[in-house]
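Visitor: Chain by chain, the residues run as shown.
There are 4 protein chains.
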Amino acid sequence: MANRRFEDLGIGSKAAESRVRLLNRDGSFNVRRKGLPFFAWFSGYHYLISLPWWKFNLLILLTYVTINAFFGAVYLAIGVSGLSGIEGHTVAEQYLQAIFFSTQTFTTVGFGRIAPVGTGANIAAAFESLAGLLSFAFATGLVWGRFSRPVAKIIFSSNAVIAPYERITGFMFRVANQRKNQLIDVEAEVTLSRLETSGDGKRARKFYPLDLERRTVTFFHLSWTVVHPIDEHSPLFGVTEEQLYGSEPEFLILLRAFDDTFSQTVHARTSYRTKEVVFGQKFKGIIQVGEDGMTEIELDKIHDHEGVE
Amino acid sequence: MANRRFEDLGIGSKAAESRVRLLNRDGSFNVRRKGLPFFAWFSGYHYLISLPWWKFNLLILLTYVTINAFFGAVYLAIGVSGLSGIEGHTVAEQYLQAIFFSTQTFTTVGFGRIAPVGTGANIAAAFESLAGLLSFAFATGLVWGRFSRPVAKIIFSSNAVIAPYERITGFMFRVANQRKNQLIDVEAEVTLSRLETSGDGKRARKFYPLDLERRTVTFFHLSWTVVHPIDEHSPLFGVTEEQLYGSEPEFLILLRAFDDTFSQTVHARTSYRTKEVVFGQKFKGIIQVGEDGMTEIELDKIHDHEGVE
Amino acid sequence: MANRRFEDLGIGSKAAESRVRLLNRDGSFNVRRKGLPFFAWFSGYHYLISLPWWKFNLLILLTYVTINAFFGAVYLAIGVSGLSGIEGHTVAEQYLQAIFFSTQTFTTVGFGRIAPVGTGANIAAAFESLAGLLSFAFATGLVWGRFSRPVAKIIFSSNAVIAPYERITGFMFRVANQRKNQLIDVEAEVTLSRLETSGDGKRARKFYPLDLERRTVTFFHLSWTVVHPIDEHSPLFGVTEEQLYGSEPEFLILLRAFDDTFSQTVHARTSYRTKEVVFGQKFKGIIQVGEDGMTEIELDKIHDHEGVE
Amino acid sequence: MANRRFEDLGIGSKAAESRVRLLNRDGSFNVRRKGLPFFAWFSGYHYLISLPWWKFNLLILLTYVTINAFFGAVYLAIGVSGLSGIEGHTVAEQYLQAIFFSTQTFTTVGFGRIAPVGTGANIAAAFESLAGLLSFAFATGLVWGRFSRPVAKIIFSSNAVIAPYERITGFMFRVANQRKNQLIDVEAEVTLSRLETSGDGKRARKFYPLDLERRTVTFFHLSWTVVHPIDEHSPLFGVTEEQLYGSEPEFLILLRAFDDTFSQTVHARTSYRTKEVVFGQKFKGIIQVGEDGMTEIELDKIHDHEGVE
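Protein chains in written order, with our numbering: chain A, 23 to 331; chain B, 23 to 331; chain C, 23 to 331; chain D, 23 to 331.
Calculated directly from the structure, the hints in this document are not laboratory data.
Possibly wrong hints are sitting among the right ones.
Identical chains share a label here; the pair holds if one copy fits it or two copies do between them.
With a Cα cut of at most 27 Å, we get these calculated DSSO-like pairs of lysine-lysine [unchecked claim]:
#  : residue 1 : residue 2
1  : 228       : 306
2  : 202       : 175
3  : 323       : 228
4  : 56        : 202
5  : 77        : 297
6  : 77        : 306
7  : 306       : 202
8  : 224       : 297
9  : 304       : 175
10 : 297       : 228
11 : 323       : 202
12 : 175       : 56
Keep in mind that this is a model prediction, so the values were computed, not measured.
Start from the sequences, fold in the hints, and give me the full structure.
Guide: Structure representation (structure tokens):
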């Protein structure tokens, strides 16, 4: 599979001349999608599941207030005489008490100090408690879905390096699992994207999948240095530091793994662009054996590299 | 695997002479299934999960009304004297109030203005609240299951084209992800089905899997043009436009992908039949670079193609 | 992989001389597991998820009655004076009312006609309502887990046949999807198990994986005839009807598929033993084209076969 | 793939000189992770899902008590005059009753004997019932997530053996499914780790993946003896008992399987270190045929082995 060139990696060859990176360090894509109306591309699930928790909680709270303000108005419209236990005399007081009754109905707490007596209020309360239960059914799924969603927390070394590797050189970066849960059968995929000048003088971005010394590791409890050997099959073979930087390279990284806690497949993405790839450096060791004979890994030093002669 | 012929692709060779398409544009199958009683093929899960939302909500509402009408009748049959707080004098009024009490019990709102005092009413209420909680348990799963069900929204170009491709020609169609969520490891599978006249003059439909230039793409953030090269291994090699249309061809498409938001595998299906495949056309570019250097994709133009000389 | 012999297919070679079938028609195994205490092999999840619905509902009901009988006794022990609204004079009446109060607390319906006033009753009620909510949390998962559990309903033809196939003969059986939901990427695996007499005259059961004409089908909307060609690589090559039956053969079948509704992988198992494999028969066609040109499949005729000359 | 040496199996070659086992018998790793702050590596999901049940229940209970103590204080601060039905005269009595009201609000049982009348108390109660419902939403997911989490219960034989195997010798261990649920497509992976002295006299730990006679079994209803044949491709070829023990070997085992009840992939891990591997022993048979012709497996004897001459 080495040394094959693709115009199109599901990325489109025109992404070519772009001057900004395609894939951000955090794994999101730098692409503007145009031409589709909101409802066509918007996914409620995706939005609600990836919202930060503080926004999510605020959204829940606002929804709760809005619904009760609405149902309070409904009870007021039907007439507060349909509710027993309302004590307010002004409309404002009555509306406030109707809202309180609404919260007690919507959450099904139903104290009963205020209770529906009229037919209209009874019907409204019957549907509000149904709406409440279905809303909380939805919220139950949402709260749990957010919490139990498997997201791989992979630490990628902040730089990739090009350094001597066995008798040749290699492109390398280092990864580790930030969390304590087990990742199993971790698989790496590396794609090089760079600008090339074709025969007719046009400059276009090309994509090359890169061969790896090892594509998968079974256990991933310590760290893993992913290595692309720069041999005669590599598109980087014979490329100098200057030539590489001149081609505005971006190394797109995808990691697949099986998360043993969630029993699901997870992914992590990142990219290294231009000067994030450093020449003549190698990663410092971060694994040692403690005084009690136990293996230790220093995860804060995963980014550290040092010069090689 | 090229140029192999299958009588049977899990589709059955007799699907052969059918004059209507096998696979609809929306991915559903055009097949009538006979001979099994309702309960054998009916899947409640499948039905409830794929019902449109407005029908689903109506179903919930009707079920709620029916259950309360039933339990209201139960309380009436036991005797309203078993309930405290019933004020109606006519049977109709009492039934209505019994229904209201039922809704308060079923949803566990339990205001208590009407409350069970007799043994019979207490027993009925005890079981109604149990039934209510189990029903809402079920509804919780159903509402969330519907919302969180992964469904790939893939845009397929409205036409496939047969156009020059490198030094030969190719059968091509274009796909993109309609939603903003990430699809990873997208894989395409294309099967050609066409009528053929065998040696004894009988006309039957044959199925051929088609080789693709690329079967998978790792990232799928822009668009992907799936290409079947019409080389000497292709069943379309040397076939003219007239011959192709004459054979009533149907190109069956299956896309598999991993949805990064749902952490699940998803599928999309479609087919191109006869004149949906156009000759001598190529797809217009839809990817460009914005003024700020960012890559842009115009998803509304994914169907656009233009003549090639 | 053809013609390899395995002593052990995860089945163990001593399963060898067994006179009863290893795998039942319904896919369950005919094996007695001994030597482990109940708690070691019992899986509560597996039990509760595969219980028939009527037993499951009965279990829920009994649990509900038991819990309320228990908490009723607790309130009685604390003293009914701790509860307001208890009207009974005899202990039996008071116990019954305490049970009713318990049901209202456990389900959180909380009418309030009977309500805790004493400290002891209040504490007991606080924990009963907590227990109630957690129980229903569990029941919610259970009810939904049972309903949404993906189970493939595959119809296997009641007989397998050995019949002419192309220029040789083949071992064949037919499968179809009983449900209307889509199964995708269906894969079949067939293992032959039979008694053989080794050199030293000992009779033992051997297992052979059988090659298939096609191992997978992408779409599975109609029926699929799985074929093992009996060529020179087959352990059935040259075996007569008498010899086959004499070896007490059992053909173990496993089908894997991806269920598009559940977005999960599902399995189905069955076996054909001795005379369930018939010689000189072929399956009758069950696919035809309706008057409107639509493809039809008659699923009730999937078992039908007829003699071939 | 045989006889390849890896410095790094996602384990890191420096794990090398460690004097304690890398992988415990129960499948957990013996590695100390340093340098990351608590919030970076801590996964709430992982913690709450793998907590023992008694700790989990205690946590729920403590959370419940704490929340109600807090909200009780809130009602006290707002003023008990905002609540109807409070009968206590001392602050302690009032606080206790406020706590009881809080439990009735948080669980939504809402008896109503104590009920909010003041605006402040009403607002507090409205938010407490919302908080209660969301908490129980979370608890619902958690209780069910814990119960329905697929965990493979695999019995590994307490020793591995090195014994004659066909015409050579083999490294073998035996596994069985402890539970009654079906595991399908079970796959084994064995890695040898041992100390080696390199040319310059430095002692370092090396890792070798071991070839297996069979890597996968389709059915896993009885037991499976996993065999690594010690042929000329094996790193154990020609190694004596003394040499093996001297190299402080650790055999790392990973089993993957598909759990048919949970419809999910599961894993089990273990390791055999130094003297846990015994020479010249073979496993005793544990499969037999009962008097009724049914196959039987004695799971308590899975660890039993006996000498071979």
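Visitor: Indicate, hint by hint, whether the structure satisfies it.
Guide: Structure-based check of all given hints:
Proximity of residue 228 to residue 306 under the C-alpha cut-off of 27 Å is restricted to the inter-copy arrangement: shortest distance 20 Å between copies versus 32 Å within a copy. With identical chains, the CA atoms of residue 202 and residue 175 are at most 27 Å apart both within one copy (10 Å) and between copies (21 Å). In this homomeric assembly, residue 323 and residue 228 come within 27 Å of each other (Cα to Cα) only across copies, at 24 Å, whereas the closest approach inside a single copy is 34 Å. Taking CA atoms no more than 27 Å apart as the test, residue 56 paired with residue 202 passes between copies only; the shortest distance there is 11 Å, against 40 Å inside one copy.
Taking the shortest alpha-carbon separations for residue 77 and residue 297, neither the intra-copy value of 36 Å nor the inter-copy value of 50 Å comes in at or below 27 Å. In this assembly of identical chains, the alpha carbons of residue 77 and residue 306 never lie at most 27 Å apart, being 40 Å within a copy and 41 Å across copies at closest. Proximity of residue 306 and residue 202 under a CA criterion of 27 Å is satisfied intra-copy only: 22 Å inside one chain copy versus 39 Å between copies. Taking the shortest Cα distances, residue 224 and residue 297 sit within 27 Å of each other inside one copy (24 Å), while across copies they are farther apart (36 Å).
Proximity of residue 304 and residue 175 under a CA criterion of 27 Å is satisfied intra-copy only: 24 Å inside one chain copy versus 42 Å between copies. Taking the shortest Cα distances, residue 297 and residue 228 sit within 27 Å of each other inside one copy (19 Å), while across copies they are farther apart (34 Å). For a Cα distance limit of 27 Å, the shortest separation of residue 323 from residue 202 inside one copy, 17 Å, qualifies, whereas the shortest one across copies, 35 Å, does not. Taking the closest pair of Cα atoms, residue 175 and residue 56 come within 27 Å of each other only across two copies (16 Å); inside a single copy the shortest separation is 31 Å, beyond that limit.
In the structure shown, a violation is registered for the earlier hints numbered 5 and 6, in ascending order.
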